[in-house]
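Asker: Model the placement of chains F and B on the given structure of chain E, informed by the hints.
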Amino acid sequence: MKREPATYFAHRDRRKKYIVILTLLLLAVMVVAAGVGAVPVPIGEVTSILLRRVPFVSRWVPKVGRQDAYETIILQVRLPRILLAVIIGGSLSGAGATLQGLFGNPLADPYIMGISSGAALGATIAISSRLPSLIPGLSSVPVAAFLASVATMAVVYYLAGVPGRVSMDTFLLSGVVVSSFLWAVMSFIMMMSGDSLREIMMWLMGSLSNKGYAHVKMALPYAVFGMCVLIIMARDLNLICLGDDEAKYLGVDPEHAKIIIMFASSLVTAASVSVGGIIGFVGLIVPHIMRIILGPDHRLLLPASVIAGGIFLVLGDTIARTLIAPAEIPVGVITALAGAPFFFYVLRRRKALRLGQRRDIRE
Amino acid sequence: MDITLERPALAVIITVLSVLILGGHVNAVTSGQVTVIDALGREVKVDLPVEAIVSIAPSNTEILFALGLGEKVVGVTEACDYPEDAKSKPKVGQVEMNIEKIADISPDLVVAVASMQLPVIETLSNLGIPVLALDPKNLSDVLDSITLVGKVTGREEAARLLVERLERRIQDIQRKAAEAVAGEGRPRVFVEIWDDPLMTAGPGTFIDELIRIAGGENIAGDVGMEWPEFSLEVVIERDPDVIITVWREPEDVCTRPAWSRISACKTRRIQQVNPDILTRPGPRLVEGLAELLEIMHPGSID
Amino acid sequence: MRLDAFSICHKYGIIIAIDNVSVSLASGEFVGVLGPNGSGKTTLLRVLSGVQKPSGGTVLLDGEDVHKMRPKSVAKKIAVVPQNGYIPFPFSVFETVMMGRQPHMARFSRESPRDIHVVSQAMEATGVAHLADRSVLDLSYGERQRVVVARALAQEPGILLLDEPTSHLDPGYRMEIMDVFKSLSRCKNIGVLAVLHDVNLASQYADRLIMLNQGKKVADGTPREVVTKEILESVYGVESVVGTHPVVGCPQMMLVPGFRAGKGEGNLSGN
Numbered sequence: 001m002k003r004e005p006a007t008y009f010a011h012r013d014r015r016k017k018y019i020v021i022l023t024l025l026l027l028a029v030m031v032v033a034a035g036v037g038a039v040p041v042p043i044g045e046v047t048s049i050l051l052r053r054v055p056f057v058s059r060w061v062p063k064v065g066r067q068d069a070y071e072t073i074i075l076q077v078r079l080p081r082i083l084l085a086v087i088i089g090g091s092l093s094g095a096g097a098t099l100q101g102l103f104g105n106p107l108a109d110p111y112i113m114g115i116s117s118g119a120a121l122g123a124t125i126a127i128s129s130r131l132p133s134l135i136p137g138l139s140s141v142p143v144a145a146f147l148a149s150v151a152t153m154a155v156v157y158y159l160a161g162v163p164g165r166v167s168m169d170t171f172l173l174s175g176v177v178v179s180s181f182l183w184a185v186m187s188f189i190m191m192m193s194g195d196s197l198r199e200i201m202m203w204l205m206g207s208l209s210n211k212g213y214a215h216v217k218m219a220l221p222y223a224v225f226g227m228c229v230l231i232i233m234a235r236d237l238n239l240i241c242l243g244d245d246e247a248k249y250l251g252v253d254p255e256h257a258k259i260i261i262m263f264a265s266s267l268v269t270a271a272s273v274s275v276g277g278i279i280g281f282v283g284l285i286v287p288h289i290m291r292i293i294l295g296p297d298h299r300l301l302l303p304a305s306v307i308a309g310g311i312f313l314v315l316g317d318t319i320a321r322t323l324i325a326p327a328e329i330p331v332g333v334i335t336a337l338a339g340a341p342f343f344f345y346v347l348r349r350r351k352a353l354r355l356g357q358r359r360d361i362r363e
Numbered sequence: 364m365d366i367t368l369e370r371p372a373l374a375v376i377i378t379v380l381s382v383l384i385l386g387g388h389v390n391a392v393t394s395g396q397v398t399v400i401d402a403l404g405r406e407v408k409v410d411l412p413v414e415a416i417v418s419i420a421p422s423n424t425e426i427l428f429a430l431g432l433g434e435k436v437v438g439v440t441e442a443c444d445y446p447e448d449a450k451s452k453p454k455v456g457q458v459e460m461n462i463e464k465i466a467d468i469s470p471d472l473v474v475a476v477a478s479m480q481l482p483v484i485e486t487l488s489n490l491g492i493p494v495l496a497l498d499p500k501n502l503s504d505v506l507d508s509i510t511l512v513g514k515v516t517g518r519e520e521a522a523r524l525l526v527e528r529l530e531r532r533i534q535d536i537q538r539k540a541a542e543a544v545a546g547e548g549r550p551r552v553f554v555e556i557w558d559d560p561l562m563t564a565g566p567g568t569f570i571d572e573l574i575r576i577a578g579g580e581n582i583a584g585d586v587g588m589e590w591p592e593f594s595l596e597v598v599i600e601r602d603p604d605v606i607i608t609v610w611r612e613p614e615d616v617c618t619r620p621a622w623s624r625i626s627a628c629k630t631r632r633i634q635q636v637n638p639d640i641l642t643r644p645g646p647r648l649v650e651g652l653a654e655l656l657e658i659m660h661p662g663s664i665d
Numbered sequence: 666m667r668l669d670a671f672s673i674c675h676k677y678g679i680i681i682a683i684d685n686v687s688v689s690l691a692s693g694e695f696v697g698v699l700g701p702n703g704s705g706k707t708t709l710l711r712v713l714s715g716v717q718k719p720s721g722g723t724v725l726l727d728g729e730d731v732h733k734m735r736p737k738s739v740a741k742k743i744a745v746v747p748q749n750g751y752i753p754f755p756f757s758v759f760e761t762v763m764m765g766r767q768p769h770m771a772r773f774s775r776e777s778p779r780d781i782h783v784v785s786q787a788m789e790a791t792g793v794a795h796l797a798d799r800s801v802l803d804l805s806y807g808e809r810q811r812v813v814v815a816r817a818l819a820q821e822p823g824i825l826l827l828d829e830p831t832s833h834l835d836p837g838y839r840m841e842i843m844d845v846f847k848s849l850s851r852c853k854n855i856g857v858l859a860v861l862h863d864v865n866l867a868s869q870y871a872d873r874l875i876m877l878n879q880g881k882k883v884a885d886g887t888p889r890e891v892v893t894k895e896i897l898e899s900v901y902g903v904e905s906v907v908g909t910h911p912v913v914g915c916p917q918m919m920l921v922p923g924f925r926a927g928k929g930e931g932n933l934s935g936n
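Residue numbers (my numbering), protein chains in the order written: chain E, 1 to 363; chain F, 364 to 665; chain B, 666 to 936.
Since the hints were made in silico from the structure, they are not lab data. One or more of the hints may lead you astray.
Claimed, not checked - Simulated restraints on C-beta separations: (1) E/F56 - B/F773: 30 to 38 Å; (2) F/E459 - E/T47: 38 to 46 Å; (3) B/V883 - E/K17: 56 to 64 Å; (4) E/I135 - F/S626: 21 to 29 Å; (5) E/S129 - B/K676: 48 to 56 Å.
These figures come from a predicted structure and were not determined experimentally. Note that beta-carbon positions come from the ideal geometry of N, C-alpha and C, so glycine has one too.
One chain only, chain E, in its complex shape (with noise of 0.2 Å):
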């Protein structure tokens, strides 16, 4: 009886920890991938532009070589690329381990809802049909993808009977019908565009490609705003776990959170659906790995899976632009690739770790 409280204290102290640690990993992987990248640009040179940038310390750096490009790249190019990495990274596999608690599915991903084949059927429209630019700076693609998702969420919610009372399998099952319907409208219009198919195919696996802060900018509000309630409703995420009338038994109205927590998921889903197209595997294998390394508490585990999310996909955008520069490769695929048996090396490491924890197993 004297252990539990220290054992509690030692918990806490080990989410603050991860936290930590997983922050300081974010930032340093940041800044390695603002100096890497298909133009080599000296370390000493990044490292200048860098601080060059940070009030006070500014002064006592001296401007070397040709700073005009390789500002231009840095600040201009990298950066705003890593940062909407991070941003979309953090949502997908925010996203991720939100459904997959809400809906009690280890297979859930921000996708499942069908926003992703909304965003996909708006840019797919922008991008045939060639629709111009209407904000300096944002191509049409990403904000056609935006609205057709926030729109395909109206439809997915208003199919399921929100606001009243709605079942997760009502969700899941009008998400699927209105997934594929979309999914087909896309695909009449890809076969009857012949000469844009490439651009599409491009787009839907996924693109970093040609962005800037316009993007960040309009990303982030969304993000922000839905982690934000994601993180504040971890705690009933935890008990909408154990089951609606368990969750009600504990005093969390789970039709009221659930609603909640879907419109937060959907939000931040379109959002980096909208600016990077479908990113495969990050809101699926990041918030597990999260989960097996960490335990299914969402007041750790959220925080976790996005900070997590972010430093995988700014990885995987780093290998996309320079594995085969000067071309890239859509980073979709590099997540899938990379992805796929990192998520197998963990199970299996998962399997072995749990072994030699259990003490004396079932009487």
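Answerer: This is chains F and B only, laid out in the frame that chain E set:
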């Protein structure tokens, strides 16, 4: 500027000339059978005179019309939008071809594209319809294709005249380009096929070849793919003098913050070119070539 | 604290699950609910706990309508031990029991030392303190059931509703856990209402028994009044002898095999 006048004018001249020259020839074609080897290495036997032709690619339609066979064309695809007369022809498909429609027309000849349409080619051949597969990989292949189509349709003379005319035009452009390159060097060119994701034309594409012939240097000439997603930071580093867009408005290119320092943006040397004259393996590639020359070396065409 | 249900009716579609049942439960009372399968026991428990809004009737918790209260307010007063406490994710025992503190915590607050103290006590009371760091997925059914009970205790409820809490436990644990409930009602003055399958166990522990049959309340009284040959025969359709527990003194049912009232084929003992 005067290139815009030149382009339709050239097309009209080619078409009118072809029609005039061939007008007398149509009836003079001897009947009998022609046998040629097509791009797939197949023996294609066609009974002359050819009265009904179906084209299942826009480039083929352009070749047929340029050879004065417009009246004989009885079926085209939805994408066949040039020349204007092609649009009013019966349609036999979009991306997928409607085999039943083609079989119903029962043409004397179908002109297809080897690289994309193998299943259709096989199906139609099995139905006993002669199919000529074209597969030009470069500009000189395109000229050979024109010759081949001329041969198989009994228009060898028209084809010879058209090819000669095109060759002369190409040599003229090559000469002017060489002069310009000797004077001002090869401008670095970036072709923006699409902006999200950023895609360009790599080696193996007509665009890459045309840029080279017209005295420019494709900054994506070292990529291992025909239509790669391209690194923006490499665009900035290689700093193109000229940017060519095909779908996007030139004004939109430089509003993207990272692009504003590129030379082409500073000097406003950004032009939009109709992708059809840069990518369709037909006679109009030569127009594309002329347009590229004018963009990369302004004033070299008088 | 009191829980009073007045003329509860509940239908699932056209099937009547509960038909005009009134129940009351006061602090310190231990009430057992008996009845054959499908007699509406679990539905009644869900209605009483507030998760299921009945088609008719009201449930008052200290005079306030349970179905109009916020779930969080209800959860501070009523705890439920569900029949199947399945937990799909590998939460640790400590984390699981700590979930019982949820109704007492503000949204942004962390667990206080008092929360931890309550959780520790709850784990002690159900004998799972030594499992605190184990994953609930690695526990045996009986251990997990006791974890769920500990979670309910951590809610510090005035009313405890139990849905067959002993159904998968062997006799030792069954008695142990029933003793826990009994002492909670005696010492902590908690009102306990337990849906039970085992007539004899209910008779041993409950102060009062309620017998349901086909959604109707057919008996409500002391074990002596409810566990009778006539009631058992009319409800379960069994021939039985009701005797007295030699030590505790409560009525105990002993079945007479081979007879089932109203079923001709079992009619061997000559009516």
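Asker: For each hint, tell me whether it holds in the structure or not.
Answerer: Status of each hint after checking the structure:
With their beta carbons about 34 Å apart, E/F56 and B/F773 fall inside the hinted range of 30 to 38 Å. The supplied range of 38 to 46 Å is broken by F/E459 and E/T47, whose beta-carbon atoms lie about 56 Å from each other. Roughly 60 Å separates the CB atoms of B/V883 and E/K17, a value that falls within the hinted 56 to 64 Å. Hint check: E/I135 to F/S626, Cβ distance near 25 Å, so the stated range 21 to 29 Å holds.
Take E/S129 and B/K676: their Cβ atoms lie about 54 Å apart, and the range 48 to 56 Å holds.
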